[in-house]
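Visitor: Okay, here's what each chain looks like letter by letter:
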Amino acid sequence: MFSTLPMKHLRIQLLTCDLPEASLILAELGVFAPDPRPILEAELPSIPGEGYRHLYTQARSRFDKIARHVAYTDTLDNKEVHAVSEADLQLTNDWLGEVWSDCSEFEEERHRLRDQLHAIDELEQTLDNFSNLNIDLGRLQQKSRFLEIHIGMVARTQVKQLEEAVGLAGYLLYRFLEREARTHVIIIGALDGESAELKSVLDTAGFRPLQVPEALHSEPEKAKTSLRKQQTDLQQRQQQLESRSAAWRTSIARHLSAAAQTLRQAAPYFQVQNAARNQGSLSAIQGWIPAREVVNAEAGLRQKLHNPLVLESRNPTEDERPIVPSFISRSRLLKPFSLLVKQYGIPRYGEVNPTLLFAVSYILMFGMMFGDVGHGAIILISGILAHRKLGSFTLFAVAAGISSMVFGLLYGSIFGYEHVIHAIWISPMSDPLYMLSMALIWGVGFLVLITLLNIINHLQQNDPSGALFGENGILSLLLYGGLLWGTFNIYQDGAFGVGAAVVALSSLVALFAYKLMGTASPPGERILVAAIETLETVTGYASNTLSFLRVAAFSLNHVALAVAVFTLAGMMEETGYWITVVLGNLFILILEGLIVTIQVLRLEYYEGFSRFFAGDGKAFKPLTL
Amino acid sequence: MNSSASQTYLKTRVNIFATQLFTDNRILELLDMPLEELSGTFGLTGIIESPLSPQKLNHALEQSLLHSLMSDLSVLLRPLDGTSRVLLIYWSRKFALFNLKTLIRCKLNELSLDEISSYLHHLPDIIRLPHEKLLQAENILEMLHLLEHGPYQSIARQARQVYEEKNEPFSLDAAIDRSYFQGMVKYSNSQIDRGELKELIGMLTDRQNLLWLLRYRFMYQLSSSETYYLLVPFGKYLDRNRLMELVNLDSFQSVLEKLPPKLSRIVSGTTNAMQARQRLDFSLSREMRRLIRFSPSPATRALAYLVARDTDLKRLNALLQGKLLGLDSELVHEALIPPALQEAA
Chain A
55 MFSTLPMKHL
65 RIQLLTCDLP
75 EASLILAELG
85 VFAPDPRPIL
95 EAELPSIPGE
105 GYRHLYTQAR
115 SRFDKIARHV
125 AYTDTLDNKE
135 VHAVSEADLQ
145 LTNDWLGEVW
155 SDCSEFEEER
165 HRLRDQLHAI
175 DELEQTLDNF
185 SNLNIDLGRL
195 QQKSRFLEIH
205 IGMVARTQVK
215 QLEEAVGLAG
225 YLLYRFLERE
235 ARTHVIIIGA
245 LDGESAELKS
255 VLDTAGFRPL
265 QVPEALHSEP
275 EKAKTSLRKQ
285 QTDLQQRQQQ
295 LESRSAAWRT
305 SIARHLSAAA
315 QTLRQAAPYF
325 QVQNAARNQG
335 SLSAIQGWIP
345 AREVVNAEAG
355 LRQKLHNPLV
365 LESRNPTEDE
375 RPIVPSFISR
385 SRLLKPFSLL
395 VKQYGIPRYG
405 EVNPTLLFAV
415 SYILMFGMMF
425 GDVGHGAIIL
435 ISGILAHRKL
445 GSFTLFAVAA
455 GISSMVFGLL
465 YGSIFGYEHV
475 IHAIWISPMS
485 DPLYMLSMAL
495 IWGVGFLVLI
505 TLLNIINHLQ
515 QNDPSGALFG
525 ENGILSLLLY
535 GGLLWGTFNI
545 YQDGAFGVGA
555 AVVALSSLVA
565 LFAYKLMGTA
575 SPPGERILVA
585 AIETLETVTG
595 YASNTLSFLR
605 VAAFSLNHVA
615 LAVAVFTLAG
625 MMEETGYWIT
635 VVLGNLFILI
645 LEGLIVTIQV
655 LRLEYYEGFS
665 RFFAGDGKAF
675 KPLTL
Chain B
10 MNSSASQTYL
20 KTRVNIFATQ
30 LFTDNRILEL
40 LDMPLEELSG
50 TFGLTGIIES
60 PLSPQKLNHA
70 LEQSLLHSLM
80 SDLSVLLRPL
90 DGTSRVLLIY
100 WSRKFALFNL
110 KTLIRCKLNE
120 LSLDEISSYL
130 HHLPDIIRLP
140 HEKLLQAENI
150 LEMLHLLEHG
160 PYQSIARQAR
170 QVYEEKNEPF
180 SLDAAIDRSY
190 FQGMVKYSNS
200 QIDRGELKEL
210 IGMLTDRQNL
220 LWLLRYRFMY
230 QLSSSETYYL
240 LVPFGKYLDR
250 NRLMELVNLD
260 SFQSVLEKLP
270 PKLSRIVSGT
280 TNAMQARQRL
290 DFSLSREMRR
300 LIRFSPSPAT
310 RALAYLVARD
320 TDLKRLNALL
330 QGKLLGLDSE
340 LVHEALIPPA
350 LQEAA
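Quick note, the sequences are listed as chains A and B, same order. First residue of the first sequence: 55, per my numbering; consecutive thereafter. First residue of the second sequence: 10, per my numbering; consecutive thereafter.
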């Protein structure tokens with residue numbers, strides 16, 4: 055919980071035909087992360103499963119496209135889990151290809167029917183427009199010996215250029231209706247054998263012809279009835295299509311579920327990628343595994359694989375430490391805090407995992423800054439009520455609410471009322487200086503703890519000089535301690551004190567000397583850089599400590615805002631008073647609540663994590679089913 | 010950075026970048042350099058010496074040069090915001106459209122996914138197409154459907170309509186190119202300093218229109234009306250009326266004769282579209298240098314630099330390819346500095 059789990063590098067030598075099965079077993083265990091480095095390239099030059107991966111990629115893509123249209127169940131019965139052969143994957147892929155083809159046809163048919171209905175709608179509009187124009191439609195619909203006439207639609211943005219283009223071929227373009235992004239046009243010209251040229255231009259311009267019913271001129275009502283009939287027919291065809299589509303979806307749903315299972319079982323071998331290598335029938339697969347899982351993994355592999363295998367595990371080398379994935383224990387309670395820590399970064403392998411410290415300090419600081427029984431209760435209840443939306447963050451809201459309630463009891467504050475309940479500890483406004491000094495003590499404690507964690511991190515990474523001389527190392531801590539001691543002495547006795555001065559000065563000189571040696575520049579620049587960096591250590595600690603004053607400042611702010619609300623409410627009559635109190639409390643709850651949430655996160659990230667947590671680790675991503 | 014500071018920064022940046030553009034003397038120097046020295050000068054030794062097939066080597070060189078152009082683009086984009094930034098990004102999308110055309114051609118030829126991937130250029134995320142999704146599309150229509158959401162929406166929609174009607178790759182390519190240029194014109198109209206940008210985009214459009222016109226009319230034998238429809242009539246010298254007049258002409262030479270004097274001088278004496286293109290590129294490159302030095306609009310300077318740099322990198326690529334293939338240096342020289350323009354240079 056406080057650190058990443060110790061990891062081993064695992065190498066499994068086995069027969070190539072066992073690779074899919076072995077990948078599946080490792081995925082079932084969920085503790086093996088493939089290592090794609092070409093360490094084994096010299097002995098095992100080939101990467102097996104190229105065809106398999108191609109098939110998987112194509113099948114997966116087809117499946118995902120189909121799954122957007124067809125509902126299926128995706129449950130995997132662990133008893134039936136087995137490795138998927140390339141032949142089986144090929145069959146599934148072929149089947150998915152056929153299904154996607156059917157699915158596309160349904161989609162295309164849908165588009166076609168929608169377009170046809172749209173065209174009828176457009177035609178009705180066209181006809182209404184024609185009736186106003188007093189044009190002899192009989193001439194437009196009949197084949198003429200001398201004239202070529204096209205009625206249709208074209209994208210509005212293309213009309214001008216089409217007009218000019220057909221003009222070059224001796225045709226006239228007449229716009230008669232504009233709807234949305236389309237313009238309805240008539241193109242007319244002499245019939246002299248240039249039709250092919252015109253057709254080509256019209257096709258290039260995406261011209262959509264409108265078919266005018268033959269009976270329109272003589273019997274317009276009959277034509278309109280015919281259009282309505284066509285419309286009804288198309289709607290019926292749409293319904294039939296949807297019925298067929300529904301039946302088709304039902305017919306394939308079970309097979310699709312089976313395909314989903316096949317793909318899930320094929321996924322581990324696909325995910326192994328370059329971590330597996332082979333030379334003919336001999337293969338090896340390599341990766342990272344938590345040390346405590348090696349025995350389990352070996353037992354699982356030996357039990358399920360019938361052919362012999364050789365399993366070797368070793369500790370990561372010093373060179374490998376930066377690439378070893380960090381396995382962070384997955385506590386459900388800490389999940390929301392773990393997600394917030396990940397926003398900053400993943401702990402390096404061997405680094406202290408700050409999640410627990412983050413969780414405790416975050417909740418404590420939130421309560422200190424936003425202590426109010428009523429507001430805490432609302433946060434708590436809202437968190438519980440919105441648990442579906444919040445997911446794992448429900449726990450975060452619940453913990454923050456409880457902390458706020460506890461500190462509310464300590465401060466004696468409920469919905470901003472300071473005198474309804476008796477403060478167990480202190481009401482913040484009654485002694486602001488005391489609150490500020492408490493915040494400073496909290497900040498000092500927090501910074502000392504963080505610096506100790508940094509020292510532990512350096513020691514764990516086998517970096518004693520970093521632990522001693524580095525930023526936030528032992529010397530920095532001594533310097534900080536000396537300064538604090540001296541400041542306390544000044545506060546108590548009016549003088550810095552010899553002991554404190556010796557500790558602070560000696561650590562300051564040692565730090566300066568170390569930085570002086572570590573800087574590669576001309577002497578003058580070297581002294582300047584070392585002096586600035588040493589000074590930065592002092593100012594860094596001072597400013598970071600003062601940053602924690604905001605813990606007290608926000609607790610005072612909370613009360614001050616409540617006072618402002620009650621002052622405003624006091625100017626109102628009874629109804630106005632309660633409206634102002636309720637709205638004021640809502641304002642405090644939402645606005646200040648949000649600000650406090652962000653401020654605590656800022657303190658954690660910038661005053662805390664930046665001192666000890668590199669956050670550039672690699673997350674452990676095991677094969678899973 | 011405030012607005013005037015970012016404009017000053019951008020102008021300075023462009024001026025610094027412009028020092029790496031090739032002068033004619035520099036090209037002559039490069040021509041005389043042995044291949045090893047040339048590749049060393051441009052940090053391409055690793056690629057030149059790698060044991061790649063000629064095709065893969067060509068691709069690797071193109072990729073490396075494109076990468077250098079994209080690095081310049083990312084630097085120039087930093088101080089830009091609003092529509093100027095959008096325009097520069099839009100210009101660079103032409104490289105993503107090269108990839109799209111490659112994808113379409115490869116799909117038509119039913120190449121394997123690995124083969125197709127090997128022909129694609131790596132581009133910055135800001136303009137990159139969703140290659141993985143496109144590669145998994147079962148056919149070209151599905152591929153274009155996939156692009157109908159996002160920044161390539163309008164190009165993909167027009168291309169799909171044309172492909173549905175004509176079902177052949179030439180029209181698809183032409184539709185993509187035309188839509189891309191229409192987009193450029195549209196974006197240039199929405200700029201604050203549109204006068205400056207319109208001049209630049211007008212020059213680019215003139216070059217493209219003239220090449221398309223010569224190619225469609227005299228190589229592909231398209232009708233005048235279809236050729237006209239495939240052009241983008243918003244150029245600096247070749248306006249709507251001039252283009253209508255030109256597409257109606259029946260011979261290559263008569264088109265050259267009827268061009269406005271400025272363009273006519275550039276392409277006079279050429280006998281095919283390839284030669285015309287060479288001259289137009291050379292001349293465009295000079296115009297870009299003029300804009301880099303004198304344009305009051307920082308966005309115009311930045312775009313002009315990118316266009317000129319793109320032309321230079323193509324020349325460098327041609328030079329490298331010429332040396333790799335052991336071509337005669339006179340021939341390479343002619344390709345890089347057209348003889349008719351050498352005196353003017």
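Derived from the structure by calculation, the hints contain no laboratory data. Glycine residues also receive a C-beta, built at the ideal position from the N, C-alpha and C atoms. It is possible that some hints are incorrect.
[Claimed, not checked] Dumping the calculated EDC-like pairs for lysine to aspartate or glutamate here, alpha-carbon to alpha-carbon at most 20 Å: (1) LYS214(A) to ASP248(B); (2) LYS119(A) to ASP248(B); (3) LYS116(B) to GLU251(A); (4) LYS175(B) to GLU152(A); (5) LYS175(B) to GLU472(A).
[Unchecked claim] Examples of chain B residues lying across from chain A (beta carbon under 7 Å, computed): (6) PHE26; (7) THR28; (8) GLU174; (9) LYS175; (10) GLU235; (11) TYR238; (12) SER260; (13) GLN262; (14) SER263; (15) GLN330.
Visitor: Going through the numbered hints above, which ones does this structure break? Give me the numbers in ascending order.
Guide: 2, 3, 4, 5, 6, 7, 12, 13, 14, 15
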